[in-house]
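Chemist: One line per chain: the protein sequences are A and B, in this order. So the working numbering is basically just the index in the first sequence, starting at one, shifted up by 16. So the working numbering is basically just the index in the second sequence, starting at one, shifted up by 83.
Simulated from the structure, these hints should not be mistaken for laboratory data. No experiment lies behind these values; they were computed from the predicted model shown. There may be inaccurate statements among the hints.
Said to hold, decoys possible - Here are the simulated SDA-like cross-link-like pairs (lysine to any residue), alpha carbons at most 20 angstroms apart as the crow flies:
id	chain 1	residue 1	chain 2	residue 2
1	B	Lys94	A	Ser149
2	A	Lys342	A	Lys397
3	B	Lys94	A	Lys230
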Amino acid sequence: MQKVFVTGVGTINAAGSNFHEFWRNIILNKNCISCLNIANPKLSSYWGGKIGYISPEKYFSRRLLNKCSRFSKLALLAVNEAIKHAELDISKLDMRRVGIFVGNNSGGWEKAREGLKTLHSEGVEYVSPYLASNWFPAAPQGHISLVYGIKGYSKTVIADRASSLLAISHAAKKIFNGDLDVAIVGGTETPLDEWALTFYQSFEERLNFGSSTKYNPFDMTRNGMILGEGAAFLILESAENLHKREALQKRIAEVKGFGFSSPGKFDVNFSYAVKQCARAMQKACDESGIAPSEIDLISLDGAANAFDDAVEIYAIQNIFGDNATKAYAFCPKTFFGNTIGASGAFDLILSIAAMQNSIIPCLAHLKNVDPSCKLNFVINKNRKVAINSSMVISRGIGHVSSVMIITK
Amino acid sequence: MFNKICEILHKIGINDEINKHDLLKDNLGLDSTEMAFFVIEIKRVFGVDIEGSNCEQMQIIKIADFVQDRMK
Numbered sequence: 017m018q019k020v021f022v023t024g025v026g027t028i029n030a031a032g033s034n035f036h037e038f039w040r041n042i043i044l045n046k047n048c049i050s051c052l053n054i055a056n057p058k059l060s061s062y063w064g065g066k067i068g069y070i071s072p073e074k075y076f077s078r079r080l081l082n083k084c085s086r087f088s089k090l091a092l093l094a095v096n097e098a099i100k101h102a103e104l105d106i107s108k109l110d111m112r113r114v115g116i117f118v119g120n121n122s123g124g125w126e127k128a129r130e131g132l133k134t135l136h137s138e139g140v141e142y143v144s145p146y147l148a149s150n151w152f153p154a155a156p157q158g159h160i161s162l163v164y165g166i167k168g169y170s171k172t173v174i175a176d177r178a179s180s181l182l183a184i185s186h187a188a189k190k191i192f193n194g195d196l197d198v199a200i201v202g203g204t205e206t207p208l209d210e211w212a213l214t215f216y217q218s219f220e221e222r223l224n225f226g227s228s229t230k231y232n233p234f235d236m237t238r239n240g241m242i243l244g245e246g247a248a249f250l251i252l253e254s255a256e257n258l259h260k261r262e263a264l265q266k267r268i269a270e271v272k273g274f275g276f277s278s279p280g281k282f283d284v285n286f287s288y289a290v291k292q293c294a295r296a297m298q299k300a301c302d303e304s305g306i307a308p309s310e311i312d313l314i315s316l317d318g319a320a321n322a323f324d325d326a327v328e329i330y331a332i333q334n335i336f337g338d339n340a341t342k343a344y345a346f347c348p349k350t351f352f353g354n355t356i357g358a359s360g361a362f363d364l365i366l367s368i369a370a371m372q373n374s375i376i377p378c379l380a381h382l383k384n385v386d387p388s389c390k391l392n393f394v395i396n397k398n399r400k401v402a403i404n405s406s407m408v409i410s411r412g413i414g415h416v417s418s419v420m421i422i423t424k
Numbered sequence: 084m085f086n087k088i089c090e091i092l093h094k095i096g097i098n099d100e101i102n103k104h105d106l107l108k109d110n111l112g113l114d115s116t117e118m119a120f121f122v123i124e125i126k127r128v129f130g131v132d133i134e135g136s137n138c139e140q141m142q143i144i145k146i147a148d149f150v151q152d153r154m155k
């Protein structure tokens with residue numbers, strides 16, 4: 017059985033075009049949510065974590081980029097940064113033992129929308145053939161595989177906000193079992209496209225479609241999620257591979273265990289939803305051999321509606337007992353929006369950064385904590401404290417839950 | 084016409100110098116989706132139908148001649 021280490025990270029989102037910039041803005045508690053300029057009047061007041069200018073052509077050929085939707089381009093940029101951060105020489109790896117695992121939920125809808133427009137305005141013979149390989153959720157996996165020549169077992173996972181943690185767990189298990197040496201893992205999402213937003217609007221009660229610029233879960237004034245776009249990727253490596261390339265000092269975290277649960281039905285009552293969420297947490301603790309009392313930091317999903325926030329909190333209280341108010345709790349995605357299929361990867365990276373820098377970013381918008389949400393929230397200001405372990409929670413529609421435990 | 088064909092190839096992302104005698108697949112390395120894109124653009128720009136499988140084996144100058152001929 018191989019130990020699984022994180023050796024590199026790469027990110028792009030509204031808070032930064034690379035991980036360094038992203039972490040700096042998170043530590044500054046900068047709210048990177050802005051008003052979206054969308055012509056559709058139904059969506060005109062929508063706020064989101066929108067990325068500004070991107071320049072993937074600095075690293076990738078125009079020929080490749082012509083074939084990519086925006087979510088593939090973001091993924092390529094984040095992967096490029098993660099590989100550099102890990103100082104991984106791809107050319108020296110046995111590519112049959114390298115995999116790519118991606119979480120995504122919406123696909124590249126802006127290209128699908130363009131294709132549909134062409135279909136109905138010009139005719140089927142003018143629809144771009146690139147549509148065949150650029151709109152669907154597994155497209156980034158394909159584009160990354162082509163760029164780096166990846167030949168190992170790979171996978172794309174679609175499970176709403178639980179997607180990327182689930183994808184990362186698949187990769188970790190493959191390394192753990194000795195099937196892969198290295199895996200490029202993470203998530204990418206571009207939900208701020210007009211068509212994608214229309215799709216998400218069908219779950220309006222979960223989203224903040226008002227004029228508020230604040231995404232504030234666990235607060236009495238919460239008003240649903242604010243979405244953000246972005247990609248977050250990590251490099252996972254086996255201990256053996258790190259020994260082989262004499263890079264043990266590149267370890268920045270160890271993946272210890274993972275738990276997943278699905279209730280098997282859509283409409284569930286509160287107590288059943290709590291049980292399912294708690295089941296994933298317990299499984300992650302069992303697999304990692306780490307008791308809840310040993311966990312220093314909890315990264316929250318933060319759905320920002322009364323029902324889901326309470327489910328998450330009660331599940332933590334069920335598993336942690338008295339320790340629920342001892343571990344620190346944070347939810348930094350409130351600064352840049354919920355990136356759905358990529359949110360788990362962002363949360364994992366932010367937990368690693370918190371462990372590495374001994375700083376927990378605060379929940380800046382949390383002013384009036386819902387009395388039913390009793391946790392040790394980091395509020396008002398960032399907390400400087402040593403952290404050795406973190407539990408990352410991602411939940412999704414249908415009450416699926418992904419939970420991962422990592423250590424320093 | 085040759086220059087107009089080259090514009091389509093530039094749109095695909097072919098940045099290298101394009102020779103009149105180049106073959107789309109063997110010399111410029113167009114893959115199947117790029118070939119389909121090329122055919123669609125020929126139709127869109129010139130209103131000329133051309134088979135992708137035929138294009139693969141034709142030199143660019145021959146494609147230019149073919150398009151020119153069909154436009155008459």
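Chemist: Looking back at the hints listed earlier, which ones does the structure fail to meet?
Modeler: 3
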